[in-house]
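S.K.: Chains as they are written, first to last, in my numbering: chain A, 2 to 347; chain B, 5 to 533; chain C, 4 to 79.
Some hints could be false.
Said to hold, decoys possible - Beta-carbon label-pair distances, calculated as ranges: (1) C:R74 <-> B:V133: 26 to 32 Å; (2) B:L114 <-> A:R165: 37 to 43 Å; (3) B:V59 <-> A:R165: 47 to 53 Å; (4) A:T12 <-> B:V473: 21 to 27 Å; (5) A:T12 <-> B:L6: 52 to 58 Å.
Hints in this document: simulated from the structure, not taken from any laboratory.
Even glycine gets a Cβ: it sits at the ideal position worked out from N, Cα and C.
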Amino acid sequence: MKKKILKYGLTAVISIAILFLLQRLLMPKYVDGIVEGAFVAEYYEEEKDHDVIFVGDCEVYETFSPLVLWEEYGINAYIRGSAQQYIFQSYYMVEDTLRYETPDVVVFNIQSLQYDEAQSEAYNRMTLEGMKWSKTKVDAINASMKEGEQFLDYVFPILRYHTRWSELTETDVQYMFDKKKVSHNGYYMRVDVKPAENVPEGRPLGNYDFGENAWKYLDMMRELCAEKGVTLLLVKAPSLYPYWYPEYEAQVEAYAEEHGLRYINLLEDAEAIGLDYTTDTYDAGLHMNLSGAEKCARFLGHVLSVEYGLEDRRGEAALDEAWRGKKEAYEAEIAEQKVKYGIKDE
Amino acid sequence: MLFTSYLFLGFLALVLILYYVLPKKTQWPLLLCASYLFYFAAGAHFLLYLLSTTVTIWGAAVLIDKNHQAQKTYIKEHKEEMDREAQKTYRAAQKKIRFRYFLAALLINLLVLAVVKYANFFIDNFNGVLRAFGNAEGLSFVNIALPMGISFYTFQTIGYLVDVYRGNTAAEKSIFRFALFVSFFPQVVQGPINRFGEMAPSLYAQKRFDGRQVSFGLQRILWGYFKKLVIADRILVAVTAIFGDPANQGAYVFVGMIFYRLQLYADFSGGIDITIGIAEALGITLRENFNRPYFSKSLPEYWRRWHMSMNAWFRDYIFYPLSTSPALVSLTKKVRARFGPGAGKRVPLYISSFAAWAATGIWHGASWNFVVWGLTNWLILMLSEEFTPLYERFRRATHTEQSRAYDVFQIVRTFLLIGCVNLFDCHATLGATFRSFASMFTSANYHVLTDGSLLELGLTGLDYGILAVAWLIVLTVSLVQRKGSVREQIEPLPYAVKYVLFFGLFLIVLLMGAYGVGYDASQFIYNRF
Amino acid sequence: MEELLEILGELHPDVDFENETQLVDDGILDSLDIVSLIGEIKRVFDVTVTAGDIIPDNFNTVQAMMALIERLEEEA
């Protein structure tokens, strides 16, 4: 009997170990190429003592450089953004953050209000997979799944990525267990430049009203922040494209007014920020490059420290130490990217 | 709840655990609950169809059986007073009563089947007739969803009704037990079509947990998933691409024909492996449905080895009763008197098998395509029957009786023949079928086989590689199977070897199965019948 | 017995059925004959031979066929 238990026990252990290793191997690593999928998970390795948390889609993780916020205002900020992060996912990102820490300010980029439900399974994956398991994650998955998606595929990602064995590369083996950091406190750095020219006007839409579901989650986010004593700040990144319709703007302004929230549309402040769309974007106006992101951070940092009175924490030994390391990584990547994109220092 | 859904796997695991954990008394009631839950998941209103069949057939069978018993008792008690003639008259009178019960239940169920499955086929043809007479209006089509597995459970219960009527099977007294026979979840969707007499003993018996049996069952389930997920659902992509575009003619038809046969076998026999495997794990014996059909050397042999339970059904309940019916017997006599014994004895065979194959065709689908498909099979079978003596003489004359090469030739020929016949199944209309069939011989585009066009059908080179290896595995298993059960042959091997074999197969299904995001969950082909 | 021999005689007038013991195994009665035979038996004796009873042993001799018919008459 004992022998039998040992036999079957061993079989189970070996089988599970093999399946676990396979799963690790087959999951996308997001360390080169599309690195956006790795952002969400990186948060958990941080010391959770942030003053400001950003949530939203690419318009947050490419628009603000946390290093500038630290160096110039002593604000310890982290961006919990992810590619095409839908508003319900941003809500759960806030909820998830509050499990670990309570920041003074949550900054939400309202671009995603226009999506009432998830548009793409691939983007769902990039946002949800990195989250640590909790009831929040379960709710986030349930709120995000498109038709045809299965909850079990999130529990056992091998079921989702089972065909990736034909696309495996060396990096899949290299980063099976340890991943390298790809973001700077959630910030996605690009140093290259592609000027914005001939940005197309938005084509007319049939309906400009944000969906019921989107509003519901914005309400939930607002209430959650109020309950926890967190200030919610709404922003719109200064991206020229996708086109931000005046009808959208009006709805957000009305909402902010009704609930006494601060809403900053950086598009309108481009001049004050000092943005130059010929040098500050890397993809002709969609996203900010390093230069643009540092300018925007400088601008927003001023608001946060002056208007919201966020404390300058430079001088706290632990933070100084941590940011010293972060700065090194930041500058190393600038150098690396300059080589990559063939940019010479002036 | 498709066999290939996570939900079904969870459901199955739960049923298996409860089945052996709960008291044995509750085993068949548990299966009944599970089966109704399974059926309910397909659509609550479908349960009405299932219930109506269950109640009518059960009731008629009980009445028939009661009458039969009463008749026997009566004759026994009155043996002295009744002479043989009187007994015969009495029997005939009772039989008439039983026949009424039988007919009533039969007609009700056939009518339901006719309405849900064939209403639109009738309407379409009726409208065609109307149009021919210049009436453009016609009837509008009805919108009835086909209840899951209705063709299978209707036929299975009609078989039972005939068995009871013939006195071959005692009627099941308990409606609940009977309801399980009708709805047993592994087989309700796509068969095999079982006989009550064969299935009942193991269906209702109380079973102890038998590790070997359960593990054999699970092995067979895994094998079924391998065929379904790795082969059928992968090749499906190419089959759909080929037959979905009428521009694909000539060589494409040839490739599509072969792919479709491979898909159909992997899909259907894989599904049946899952069904029989589940039943085995539950200690229940079901009929086999396939016996390595692609090794058949002739069409008659093929039809004894492919979808065996359905063919046995048509043989036992249509061909056989028809060929021994009084009308045919007297016709046989007349023909024999007029044209001699050779012609005479062909009459029942030709006519009954014609009817059986027309019925088989229409059972497969409500369209003329399937009727012609059935009758093409019939024609080839009859020709084959007639030419058998000729073939034998030819083989004796050429000394190829023992020739391996000739065997292979026959196998390939039969495979291609079936492929051609099955083109009826790949097209919606007869015109399209004949056109594509003819194009195989007239179209000179066989260069597409080698110029990379096959890679544009939705399958990559890697997919073709996987398919080739998977078929090699199926072929190997089939060859090993000729010496008896593969699982029995694996059993005595060392544990580590068995582990590598089965866990390896599991990993193949897991990693190479065409499932999940990116693959449309495809229903088993035979679901729609 | 008489009736049965009559039926068989119609099928194969040239066979001496009473003395043959391997009717099926020797190929005197083929499957088509059996089908005709069962139809006739049904008509004359009012019993139904079902698929399960169609085995060579039941049709190899006239005596075996008679035994089968009598058994089926009993059961009816």
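S.K.: Which numbered hints does this structure break?
M.R.: Result: hints 1, 2 and 5 break, sorted rising.
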